[in-house]
Amino acid sequence: MRQNKSTQLLLTCLLSLACIFTADAKKKLVIHKCIKSNGTIAFQEDPCKKKFVKKKTYTKQFKSYNSYKPRNKVNIKPLKKLANINFKDNSTQTIANSAKGYNFSIKALKRWQTTNKVYNNKLVHMKFIDYVPQAEMSLMIDFIFPDNKNFSIQELQELVALVGSRYLKGSKEGRVIPYELNVQNGKGVMATFTHSNMTPNYKFASRGAIFKGKWLVQFTLLSNSQQSAAYLFALQALTKSLKIY
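Residues in the sequence shown are numbered consecutively from 58, following the working numbering.
Take the hints with a grain of salt, since some may be wrong.
Restricting the straight-line Cα-Cα distance to at most 25 Å, the calculated cross-link-like pairs of lysine to any residue (SDA-like) are [to be verified]:
| no. | residue 1 | residue 2 |
| --- | --- | --- |
| 1 | 206 | 158 |
| 2 | 260 | 171 |
| 3 | 300 | 104 |
| 4 | 269 | 239 |
| 5 | 229 | 214 |
| 6 | 300 | 209 |
| 7 | 229 | 292 |
| 8 | 157 | 296 |
| 9 | 184 | 173 |
| 10 | 260 | 276 |
| 11 | 164 | 254 |
| 12 | 157 | 182 |
| 13 | 229 | 282 |
| 14 | 184 | 154 |
| 15 | 174 | 284 |
| 16 | 260 | 300 |
| 17 | 297 | 166 |
| 18 | 157 | 184 |
| 19 | 297 | 186 |
| 20 | 179 | 158 |
| 21 | 269 | 298 |
| 22 | 179 | 243 |
| 23 | 167 | 255 |
| 24 | 179 | 154 |
Here are the simulated distance ranges between beta carbons [said to hold, decoys possible]:
| no. | residue 1 | residue 2 | range |
| --- | --- | --- | --- |
| 25 | 252 | 298 | 27 to 35 Å |
| 26 | 283 | 106 | 37 to 45 Å |
| 27 | 170 | 284 | 20 to 28 Å |
| 28 | 297 | 205 | 38 to 46 Å |
| 29 | 258 | 230 | 17 to 25 Å |
| 30 | 172 | 297 | 33 to 41 Å |
| 31 | 229 | 177 | 36 to 44 Å |
What the hints contain is simulated information worked out from the structure, not anything from laboratory work.
The structure presented is a predicted model; accordingly, all values stated were derived computationally and were not measured.
Even glycine gets a Cβ: it sits at the ideal position worked out from N, Cα and C.
Construct the entire structure; sequences and hints are all you get.
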């Protein structure tokens with residue numbers, strides 16, 4: 058009996074050690090997929106550094122993502138200010154800015170609330186909001202200079218899949234479905250999510266990436282109607298009127 062107990066104890070110890078070594082081995086086999094600040098993908102055993110983004114966490118990979126999170130809510134203006142907005146006015150204007158010796162311009166509706174800023178001469182941030190009732194729209198655009206990195210359609214799809222994964226929960230699609238955009242003098246990819254928990258106050262949320270004129274253009278388009286004049290105009294502006302020169 059003592060021998061059996063000793064044998065059982067020995068086996069238990071060996072099994073415990075095996076589990077420890079196995080667990081340790083498993084830890085060493087973890088491969089992290091990181092995306093560098095210039096958009097390239099790296100596979101490594103060490104955790105992603107602060108300037109990288111670990112794919113599993115789906116955190117935003119560029120400074121623009123960390124600086125400008127899309128608002129889930131339309132900021133309703135006071136009634137007096139809303140009363141001064143002509144929702145039927147579809148007249149346009151050109152919004153422009155510059156950075157690193159490049160000029161950027163895009164057409165926008167005059168009734169849109171506009172934000173237009175430059176950060177560190179490497180990032181141009183534009184945001185447009187339309188307050189048309191039942192068809193509210195928000196378009197956020199970040200122009201990022203990726204250190205002379207060229208993006209293929211496949212890399213743009215991977216980027217959209219990465220950032221789009223944050224919108225899957227609660228969405229009708231349940232998966233990221235990136236499709237190619239017909240971008241004038243460039244290339245682009247976009248994925249749309251319906252009723253995503255990420256944007257409870259918008260029915261449709263689209264994340265996209267465009268590579269044009271050596272610049273990476275990332276955008277978030279939120280809307281409550283894909284048939285509204287603002288939504289259709291925003292898509293047209295992104296693919297046709299957006300200029301980098």
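- Message: If you test the structure against every hint from before, which numbers come out violated?
- Response: Violated hints (numbers, rising): 3, 11, 15, 16, 23, 28 and 30; every other hint is consistent with the structure.
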